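J.: Heads up: the sequence lines are chains A and B, in that order.
For any residue, its number in the numbering used here is found by taking its place in the first sequence, counting from 1, and adding 3.
For any residue, its number in the numbering used here is found by taking its place in the second sequence, counting from 1, and adding 41.
Treat the hints as calculated values from the structure; they're not laboratory data.
Be aware that a few hints might be false.
DMTMM-like mimics (lysine to aspartate or glutamate), calculated; alpha carbons at most 25 Å apart, straight line [as the list claims (entries may be wrong)]: (1) B/Lys293 <-> A/Glu113; (2) A/Lys23 <-> A/Glu213; (3) B/Lys293 <-> B/Asp100; (4) A/Lys136 <-> B/Asp115; (5) B/Lys293 <-> A/Glu77; (6) B/Lys293 <-> A/Asp111; (7) A/Lys130 <-> A/Glu113.
The model shown is predicted, which means the values in this text are computed figures rather than measured ones.
Given next are the chains, with one letter for each unit.
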Amino acid sequence: MALLELRNVHTYYGNIHALKGISFSVERGEIVTLIGSNGAGKSTTLRTISGLLTPRQGEVLLEGQRIDHLPPHEIVARGVLQSPEGRRIFPRLTVRENLEMGAYQRKDKEGIQQDMERVFALFPRLKERLNQKGGTLSGGEQQMLAIGRALMGRPRVLLLDEPSMGLAPVLVEQIFDIIQEINGQGTTILLVEQNARLALSIAHRGYVLETGRIVLSGTGKELANNPSVKAAYLGEHA
Amino acid sequence: MAVAALPVSTSRRAIQTTLASVFGPLGQVFVFVIGSAVVLSLVTILVAFVLRGTRTDVDLVQSALVILPQVIIDGLVRGFLFATIALGYTMVYGVLEFINFAHGEIFMVGAFAGAALSSVLASSGALNALPVPVFVVVAVIVGMTVSGLLAVGIERVAYRPLRNAPRLVPLISAIGVSLLLQDAVRLFASVSGLGFNARFQTPNFGPAIRLAEIPVSETRNIPLVLDVRALTFIIAAVLMLIALNYLVNATKLGTAIRAVAQDRPTASLMGINVNQIIALTFLIGGALGGAAGVLFGVRVGTVNPYMGFLPGIKAFTAAVLGGIGNIPGAMVGGIVLGFLEAFVASYLSLLTAGAFSGASYADIVAFAILILILIFRPSGLLGEATSQKV
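Using the sequences and the hints, build the whole thing.
T.: Below you can see the structure in the form of structure tokens.
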């Protein structure tokens, strides 16, 4: 049974039909990426999984149990955490408070402390900024905080929405190394990216979205070598 | 020894940060208390000095100085009244960006709950047997409970179904709730026999505390007194502000309230039950309003179903003055507005030789401030334009 599965999901913004029957699955321990251009429905898919949007049709399953129609906090309780698009750090909370909010539902103080240390090991910069307000961090630091914050919830599935957005190339590579490291520690990851080349280079499998539909799927390598993917998303001529 | 010292020092640091996060904002309030009192006193005395020649019957400077301590105490009481009510407006605005115009009525219902309690106690003969502090604590707890639960109920019934409606809609709903509460309490007042102007009976607070005697002339001394009810009000308000600052700045629940205020969808992605936090905000704001109502009733001695309107609007002014949505701002705005009102109410008549009778002009000052702030500094005294990196 897949850890996370979407079956024929249709999501609307008012009358706008944003997802037109999306089906895909994420297995335990994988990095799966959704790639596609602006407006393809990548973020909408993540927002639907997290419960910020409710699908009008179709099912979202976590280990075979339906989680669509649950409110966001109950989906978090089942182990699905998201680092949202644009990072969405709480600007007037300190770095420590931001991290504590990631562990909001947990009561195990020792476990929380352990995870805090784990986040500091991954992102030493955050430890230096611990008592600084989130809004004063640089873009890269905010991205680290957003990922660290989601890790504080001990996710079974970590949803990452555009972690490369607006960052310098050096930082992007650093963040992607850390994403692989997190995956290596056993966390399943669903990664949404516009930077298709980088995403496909670390993903086990990927799906290509176009205007609310999945048009292609395959392993990271297969997609990276697919002529139409190359032409449309990797800037190469077929 | 060295091994044992480590946890001690970390826990001590934790206590220090807790104290800092609780008393930091209160320190700011304290600075504004002293600042407003000093500035307004100096201005008043200066004006009195300049106008000295216009009056031959009284010495303006001396008259001004003699009542100054009472004016400052009055300013403190008004200030803390506005501050405790303003917190309800500002906290709800923080999480929902919505002005709960029924909040003045939540204050009024708290006052009525206290009056009903005091009337029951009085008719059973227990009232005068109670020590004053016990009575005040019990009445405040009753007022807080009734108003807090009422606020939560109002949110559930009248605001939550309209969460996604255009902004004007819940605002109109709030005005409707406000009118409904006024007339429901009026009905309750007449049915229960409390009466429209219900008495808020209390045990005997005893005579005012004499602090000192101010010699005016060789034969006449004016006593400097502190009314026990005013003192009660100030102490209770300070305790509540400390508790609120602890809750909001030093607990996980408080951090969640601030997280919801800053970014509601992202807060829900952290696993925060946003509806629960919004209800909690109404509970806290309502409870503070109810406590303020009871304390106001104790001080004034009567309550009526329409008493919530003016303090409500003024506390809203205080919240805007301090920066709506900003918790220390609401406290500071309340204090500054309270002092301004107290000074205008007490000195305007004296300094203009009775041309303007001060008490009624105090309201004009309050609302002139509202208009000026909205025009020139809509973000308020402590408000800042929020910057967020995308």
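J.: For each hint, tell me whether it holds in the structure or not.
T.: Going down the list of hints, with the structure as the test:
Of the supplied pair hints, the one linking B/Lys293 and A/Glu113 holds, its CA atoms being roughly 16 Å apart against a limit of 25 Å. Of the pairs offered as hints, the one joining A/Lys23 and A/Glu213 holds, with about 10 Å between alpha carbons and a cut-off of 25 Å not exceeded. At roughly 57 Å between alpha-carbon atoms, B/Lys293 and B/Asp100 are farther apart than 25 Å, so this suggested pair is violated. Of the supplied pair hints, the one linking A/Lys136 and B/Asp115 is violated, its CA atoms being roughly 38 Å apart against a limit of 25 Å.
Taking the CA atoms of B/Lys293 and A/Glu77, the gap is about 18 Å. The hint holds against a cut of 25 Å. As the CA atoms of B/Lys293 and A/Asp111 are separated by approximately 14 Å, the hinted pair is consistent with the 25 Å bound. Between the alpha carbons of A/Lys130 and A/Glu113 the distance comes to roughly 18 Å, so the proposed pair stays at or under 25 Å and holds.
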